[in-house]
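Fit chains B, C and D to the given chain A structure using the hints.
Protein sequences, first through last, are from chains A, B, C and D. In short: position in the first sequence from 1, add 86, done, that's my numbering. In short: position in the second sequence from 1, add 86, done, that's my numbering. In short: position in the third sequence from 1, add 86, done, that's my numbering. In short: position in the fourth sequence from 1, add 86, done, that's my numbering.
Warning: the hint list may mix true and false statements.
The list makes no distinction among identical chains, and a pair is therefore deemed to hold if it is satisfied within one copy or across any two copies.
Calculated cross-link-like contacts (lysine to aspartate or glutamate; reagent style EDC-like; alpha-carbon spacing at most 20 Å) [to be verified]:
hint	residue 1	residue 2
1	K212	D223
2	K89	E156
3	K107	D231
4	K120	D153
5	K107	E219
6	K120	D245
7	K91	E156
8	K107	D237
9	K221	D237
10	K91	D153
These aren't lab readings, by the way, just hints derived from the structure by calculation. A quick note: this is a predicted structure, and the numbers were derived from the prediction, not measured.
There are 4 protein chains.
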Amino acid sequence: MQKQKFIAVIGSGQANASEIKLAEAVGKEIARQKAVLVCGGLGGVMEAACRGAESGGGTTIGILPGDNREAANPHIKIPIVTGLNHARNVIVVKSAQAVIAIGGSYGTLSEIGHALQNNIPVIGLKTWSLVREGKTDSGIISVDDPVNAVDIALNMIEDQPSRR
Amino acid sequence: MQKQKFIAVIGSGQANASEIKLAEAVGKEIARQKAVLVCGGLGGVMEAACRGAESGGGTTIGILPGDNREAANPHIKIPIVTGLNHARNVIVVKSAQAVIAIGGSYGTLSEIGHALQNNIPVIGLKTWSLVREGKTDSGIISVDDPVNAVDIALNMIEDQPSRR
Amino acid sequence: MQKQKFIAVIGSGQANASEIKLAEAVGKEIARQKAVLVCGGLGGVMEAACRGAESGGGTTIGILPGDNREAANPHIKIPIVTGLNHARNVIVVKSAQAVIAIGGSYGTLSEIGHALQNNIPVIGLKTWSLVREGKTDSGIISVDDPVNAVDIALNMIEDQPSRR
Amino acid sequence: MQKQKFIAVIGSGQANASEIKLAEAVGKEIARQKAVLVCGGLGGVMEAACRGAESGGGTTIGILPGDNREAANPHIKIPIVTGLNHARNVIVVKSAQAVIAIGGSYGTLSEIGHALQNNIPVIGLKTWSLVREGKTDSGIISVDDPVNAVDIALNMIEDQPSRR
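Next comes chain A alone, as it looks inside the complex (with noise of 0.2 Å):
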């Protein structure tokens, strides 16, 4: 079975307006170029994307923190149950090939760093810059548009042979 690019979004469960309408721009192309969106599973961000992505006919997952089920966004298609509360950060960006970052809460700090630490690209709109001794560290791809954020994340899917 020729298994689909996976690509996670990663963002605050309290999302402001630019970032939902980012979020759902980004979910909703993820579907249209028939990749498969992974995330928390909950409210914020993470629900914005699962809107688009749905709309789009696309698979949504949710790795969620708690022992319910339940708590999944009612966008998502396949609930993870972990109960591992803020561990379940790491599955969310192991379980994909490239992380879409949009804005910046401390939990979407941690997840960048896991991402990059396992040598996944990240591509960022709105989020965080990391500098580190007075230089900015060139980890995060920063972008403006969702679309190029997508499209770039997928090339850089295709450019790696260990991730696809």
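Same frame as chain A, now just chains B, C and D:
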């Protein structure tokens, strides 16, 4: 979105011919009944169940212990990459609303314990029997027929609104 | 630094008087033998074992399921905060070189499965018996006396250089 | 039993000479102040901090990513074996009441994110700076002196009764 019923199939990665046959029949019936199969994503009982489900057009989720989605058996449609090693067993059972155990390794035993601890029903085919202070524990519902196992699992999910 | 031997004591958070008595004696003997006690950090069997170990001047480690170190029983010297819920059971047994199981909840059963899966010896006091295809499984070494349980655990650690 | 204060020291397993020196001084001061050092148990910054703490007679806890306690650096007194790989980062920070970050790998970044998400203070020595929408985030308290870092950590624990 009306969520489908999720059934976990648990069993050893090194299974004998009789267990393989049972697992394949269980997987096939899960797909025929339009439920989703969750498993640990590797070989043996897991792979046989997924092969059965795939032949019936079903959805198969593999909760992988390692860091590499390529370790999934070829019939897994949705690989979830945890990197958690044995702790991923907890996620396999929590993501399901009923569990079917086939054969009996110690890993399977840990999953039976986690399922019963979380009040998730366990149906057993040629698996462990549990004895506590000289009395057989009634936690595992032992059956002989794979189609019957799936029927019982689905009925138990139906009967318990909190698990639907 | 010569590391001490670590023994896990596992059992229900709701224990009866007989289990409490056994657990306290096991904890006391672990301390007398200069080994370290690892447990899940909560009440019942865990608390009784820690009380025994503390009375003997021993070190007690509690691998807690929640996010709050205050949930540890009052005899825990080293609280480890996991936030992993039931998945913390895996860490309790992996951190030990031998496991003593007292009484029999389903959580204890999951820990027995994880220990045997990882080739960590399990000594049982009034705990589960395991039967596979009509035959009693020899995985759990069943004993009646708490001091004897600790002796066997320490001898098994000695005999297996890879576990020291 | 009055519990001791737990401070996590986080940083790369491959550290440079300046980071090693800072880590050793931090570990020594943690021990001098009778606090307990928690870390990821491996080399680099972790090992240097443990060496400092051991020289001061302190207690050192290593939350190990793999399945083998022998992977702990030689200055770890309490090895905790998780088998969780990168997800063990969450346990390192949750088990502490304050975190001192030295240097800056991506794994360290993930731990900073998890700590701040859980409202655990982070004191930084030559580590990441965080910028969100063009503004520096105040989450990391940046200092230059290792003794000062430990003082701030202990004072912040004192000031927040819920963390003691």
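To see whether the hints hold, each was checked on the structure:
1. K212 / D223: both (16 Å within a copy, 14 Å between copies)
2. K89 / E156: between (27 Å within a copy, 10 Å between copies)
3. K107 / D231: Result: close within a single copy only, 11 Å intra versus 44 Å inter.
4. K120 / D153: neither (30 Å within a copy, 24 Å between copies)
5. K107 / E219: between (34 Å within a copy, 17 Å between copies)
6. K120 / D245: Within one copy, since 18 Å is at most 20 Å while 36 Å is not.
7. K91 / E156: Classified as between; 13 Å across copies, 26 Å inside a copy.
8. K107 / D237: within (18 Å within a copy, 44 Å between copies)
9. K221 / D237: Neither. Shortest intra-copy (27 Å) and inter-copy (28 Å) distances fail the 20 Å Cα cut-off.
10. K91 / D153: Between copies, since 16 Å is at most 20 Å while 27 Å is not.
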